[in-house]
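Student: Here is how the chains run, residue by residue.
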Amino acid sequence: MSGVRLLVGTRKGAFVLTADGRRRRWEVSGPHFGGWEIYHVKGSPAEPNRLYASQTSGWFGQQVQRSDDGGRTWTPVGNTFAYDGVPGTHQWYDGTPHPWEFKRVWHFEPSPADPDTVYAGVEDAALFRTTDGGKTWEELSALRTHSTGARWQPGAGGMCLHTILLDPARTGRIFVAISAAGAFRSDDGGTSWRPINRGLKSTILPEPEAEVGHCVHRLAMNRARPGTLFMQKHWDVMRSDDGGDAWREVSGDLPTDFGFPIEVHAHEPETVYVVPIKSDSEHYPPDGKLRVYRTRTGGDEWEPLTKGLPQRDCYVNVLRDASSVDALDPCGIYVGTTGGQVYGSADAGDSWTAIVRDLPAVLSVEAQTLP
Amino acid sequence: MIVVALPTHLRTLAQVDDDVALEVSGTVTQGAVLDALEAAYPVLRGTIRDQVTHKRRPFIRFFACRRDLSHEPPDAPLPDAVATGAEPFMVVGAIAGG
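Residue numbers (this note's numbering), protein chains in the order written: chain S, 1 to 371; chain U, 1 to 98.
So that you can see chain S by itself, here it is in the shape it has in the complex:
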């Protein structure tokens, strides 16, 4: 019987949660790398037991850990992320030039075909790639050196490249998102890039429809329809049906359109999930109720999913990489909270249970569907 493995990154280590296809009983292993911040753990679609983990520390910097046995054992691999050439400057919070400085890896995106090829999104925003299983990392520097790069500015969490989507239908097409620069697309494997932010409006900017500067929190796609993208922006839930060339707002009847994660159902390209958060100054759910919202119409019309989720006195957040879907039928969806809970639904969001309740604050959740 197939199963699911959840790779959970937290403020104090990584945890691996596994269940069979019924997704009722879960085994928990960890903490791995106890005491370190684990920003992200992700497995190779080509070799599911090959995992990559971003292990970071304000004291001791960046480590990259690799597992070849599904997370039972780990080996440190290359941790040198050197910007190509003289890095130059981006804008600091106060608008002054600030040198590009590597701080940490926010997100790994393994190639769907080659377990040794992985893209890494880092802070300060840049895209790196390994083709040797993590031993060495090379910057795809055309992104950082884009003509708009000197105008990029950090969001409150740092100037991070947090989303990488590899288009399964068009070889060489890559989407990335950066807080707070916006979304970018390459159609040539990272050799060149262009901003794809037309239609976004950000009142936090002096020019609300600027080419760059938008605080995009997350992008999501269904692999069967890669031309359609969904975006959770700082405020606003957006949709594009032309690979990001233009966006329109689909926040519709959400109670608030601020939030961090966004996911698309594994089998239904018009079914999308968000976790509304009250505001950018409060960072907790409205009314003390943790509600995942689902649309089945590609946006605009949303329904709250509440069964099994706390509906009183709940003031946790769900961070941008802390949700994921599996590929079973019915589709499973998972969210991890800053309160250390990981909630799972084995029926596409209709009902939820707490898989674990007392982990450290959850930074990331990735669901692997195992054969």
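None of these hints come from the bench; they were simulated from the model.
Where hints are given, some of them may not hold.
[What the hints assert, rightly or not] FRET-style restraints, in silico, Cβ to Cβ:
#1 U:ALA40 to S:ARG198: 50 to 58 Å
#2 S:ALA46 to U:THR84: 52 to 60 Å
#3 U:SER25 to S:GLY88: 35 to 43 Å
#4 U:ASP19 to S:GLU101: 50 to 58 Å
#5 S:GLU27 to U:PRO73: 50 to 58 Å
#6 U:ASP50 to S:ARG248: 39 to 47 Å
#7 U:PRO73 to S:ASP287: 53 to 61 Å
Note that the structure is predicted; figures quoted are calculated from it, not measured.
By construction, the Cβ of each residue, glycine as well, lies at the ideal position given by its N, Cα and C atoms.
Chain S is fixed; fit chain U onto it per the hints.
Tutor: For chain U alone, coordinates are given in the frame of chain S:
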């Protein structure tokens, strides 16, 4: 032999249980000790000082013989007691909590 005391997280990374002993050839300096440490334990590259510039990471300090040597030049000789192995060269993570 030079004795280097590491903070817990770096001992875990290096897979050592206690202080580490290193051979350092020539003048025993902060830079020479860290070169020897990173050669013996490559996983520690980048954890104490920048891999390219060799600048000390901001929350790392170096203590020895009851002195803070963090701001000493990397090529300055370390105290004799460190060079003889009588006293450890201590790599310390800055205190932070709450």
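Student: State, for the Cβ atoms of SER25 (chain U) and GLY88 (chain S), whether the hinted interval 35 to 43 Å holds or is violated.
Tutor: This hint holds: roughly 39 Å between Cβ atoms.
Student: Cβ-Cβ distance between ALA40 (chain U) and ARG198 (chain S): within 50 to 58 Å?
Tutor: 54 Å, holds
Student: Just tell me: holds or violated, for the beta carbon distance of ASP50 (chain U) and ARG248 (chain S) against 39 to 47 Å?
Tutor: About 45 Å separates the Cβ atoms of ASP50 (chain U) and ARG248 (chain S), which means 39 to 47 Å holds.
Student: Do the Cβ positions of PRO73 (chain U) and ASP287 (chain S) conform to the proposed distance bound of 53 to 61 Å?
Tutor: Given range 53 to 61 Å: holds, Cβ gap about 59 Å.
Student: May I ask you to test the hint 50 to 58 Å on the CB atoms belonging to GLU27 (chain S) and PRO73 (chain U)?
Tutor: 53 Å, holds
Student: Do ALA46 (chain S) and THR84 (chain U) keep their Cβ atoms within the hinted range of 52 to 60 Å?
Tutor: 54 Å, holds
Student: For the range 50 to 58 Å, tell me whether the beta carbons of ASP19 (chain U) and GLU101 (chain S) fit it or not.
Tutor: 32 Å, violated
Consistency with the previously given hints fails for number 4 only.
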